[in-house]
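If you're matching them up, the sequences are chains B and Z in order. Quick note: the first sequence, position 100, residue 100 per my numbering, numbers continuous. In my numbering, each number is its position in the second sequence, counted from 1, plus 1000.
Please note that a few of the clues may not be correct.
To be verified - Once the Cα atoms are required to be at most 27 Å apart in a straight line, the calculated DSSO-like pairs of lysine-lysine come out as:
1) Z:LYS1307 x B:LYS27
2) B:LYS179 x Z:LYS1107
3) Z:LYS1314 x B:LYS14
4) Z:LYS1107 x B:LYS27
5) B:LYS247 x B:LYS114
6) Z:LYS1314 x B:LYS27
7) Z:LYS1312 x B:LYS14
8) B:LYS34 x Z:LYS1422
9) Z:LYS1307 x B:LYS14
10) B:LYS27 x Z:LYS1195
11) Z:LYS1312 x B:LYS3
Bear in mind the hints are in silico, worked out from the structure with no lab data behind them.
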Amino acid sequence: MLKIIRNRFEQGCKTTSYPKEPINLYKRYRGLPKINGVCDAAMVRQCAAICPQDAILCEERKIDLGKCTFCGRCENVAEGAFVTFSQDFGMGTSSREALLCDGTLPALAEHSKKHFKKLFGRSLQLRQVSAGGCNSCEADTNVLNTPFFDLSRFGIDFVASPRHADGIHVTGPISKNMKTALIATYEAVPSPKVVIAGGACAISGGPFYGSPEIVGDLGALFPVDLYIPGCPPHPLTTLHALLNFFK
Amino acid sequence: MDKLLQIDNGQAVKRSILPSVPFARFAELLDDFVKNDGFIVQFFAFVEDGRNRLLAVMRNTQLYVLTTEVGESFASLTASSNEKFHMFEREIAEQYGITPVDHPWLKMVRYHANYRQVPDVFGNNYEEDIPGNYSYFQVEGESIHEVAVGPVHAGIIEPGHFRFQCAGEEVFSLEIQLGYQHRGIEKMLTQVAMKRLPILCEGIAGDTSIGHNLCCCQALEALAGISVDPGARIVRSIALELERLANHIGDLGALSGDVAFNPPAAYFGRLRGEFLNLLQVLCGNRFGKSLVLPGGISQIMGREQAKIIEDKLKELEPEISHVCDLLFSAHTVQARFENTGIVSKKMAEDLGLVGYSGRASGLEYDARVAFPTEAYGPLHANRNEMVNGDVYSRASVRREEIMHSMHLIHILLSRAGEICAKTTMAELTLEPDAFVVTVNEGWRGEVSHCLLTDKAGRIERYKVKDPSFHNWTGLAMSLRNQEISDFPLCNKSFNLSYCGFDL
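Just chain B, with the same shape it has in the complex (with noise of 0.2 Å):
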């Protein structure tokens, strides 16, 4: 007993006050990138060629955040001349359009569903469906229930039972051989009812484009309401992603 009370007395308080305080990201992490909107076109074919996920749209000087995996090797070869990552982890977008960005993206609260708001802003339970991922969405989304995030004081909880859902939280490029599980779980969510892409896998497919092996675009198979970018999403970008479009 004394050594619980010891150790609760060294770990002291550490939740963080976010979104009260605004959280500063140590500088190397890559959140919503700045472009050069007039970049030498050759600089901008030069990105796009060791871009590993095809994200950068030459002619539309824009990056599919939807694609991008934000491993930077653009920002890397052309010294930030196209682009450079800033630190502001807020990327989540109502459409999957909005995603191919120019250094801009429609403020989230604004564009989200009224009714929502209504209905799931003071107590949201999601299902997550792992659908063919790496684990590390998966990994990224549970750490909101650590005590720094403690995602539950926001009235938000990921549940067991799609029965007690309002929605599903689907991460992974959907691996044919998790589709007819996939689609069973959001059957069994009671309607109306909320489907969020987080992560580059669920959105397109992520580094697995192009594989016969997955669906790759969970807008294929049900209507999407909230895309969170990321390779994976910083917990604070699921967490921005979540407040802004419910609350």
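Knowing the structure of chain B, use the given hints to seat chain Z on it.
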């Protein structure tokens, strides 16, 4: 050891010097090898000039390679020799449609059509989406009942199907069917542009991003003949240790949660994040994705980053040791951990368990010491004390390795400052007609990649092995005659990868 070719970890050799023997001799040599303290690192099929071939990489104190040619079937080594071959042979049957005749448990591994478009060994129709198109092993009897769990589990975890045969609370048999995470990675690795390889390998198992990508990059470096700065090797080793720390600490927290002892679960959960944040300090990603590239690292570790890591370790070391003490000295925890989910040394040897799962049963093997890569050469090993093969042993190996890894990082940081330039991904020219095998000690154990290039220097066959490939069978065996309520605890003590297994 006639006929076996001794090969170094990460050494590219011409395919023409790989020894090939008739299958009967191949079976004899492998049988002899595994019965004399030898283990299988890789055992897979590939097609060469239209002929089916098998290739085995084995280890005792060194690595060896041997190949043979087979037709549409071969006599199962699982049947004639040892359990170590069992999962490999099932994989060969699934990937190449080659039947291991008399295999005692010939069952699909991941549920996908074979690469050669020949009739399926298991008679599956892959137009049907769901794995599980299979009659599970059943125990019959008046008081027997069956529990089926998954693929979707009650938590934020990966999918897999577990089938228990129980009498009351007691589990007679646990059958584990995976494959739900199958993304076709091995095939993709031979087809996609080179620039995608590191990112794909980081996605084999996200919690082992560094481990798998190191294997990939070391193999590409060997085949392209490029060298790596000593400073970069130090950073890669630090990253591998940070990955180990984050996962071990997270698992101790989860184990604590599984026995309903909440304080350490909460503390370890937060402490795990601190180590993920250190990986983010190194490279901008909490799982170390994007850090390792063929030829080095994408971002150098400057004084600033080294100091952040050093200071953080100093701050966390006493906290971790106190929370460990809290966990391991609680008698309620001891009562649940001790004598639960025992895997004997004999069984661990027979199954070829690796990593902490093997070490907890008394198999000392640690690839960092046996086949050192990167900056591991002069570093000392951790010798774990507890070797009872139960949950307590697997947990206490983690505790020791946490302390050991933090010590290694201190040593590595004191050597930092050696020459290191940052690398960008370049198109590499690989040696044609070559073979390479790489082995690293990921946090779960031995990670290994094998590459075979063709006449034009393209990757013809890419074989990935995650330590979970060996260890899932260990979990199934540990549940025999255990209470089903101990399953979460046993499962967490192994904490195996679904995606690393499923590929």
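Return the numbers of the hints above that this structure violates; sort them in rising order. Hint check: 4 fails alone, others pass.
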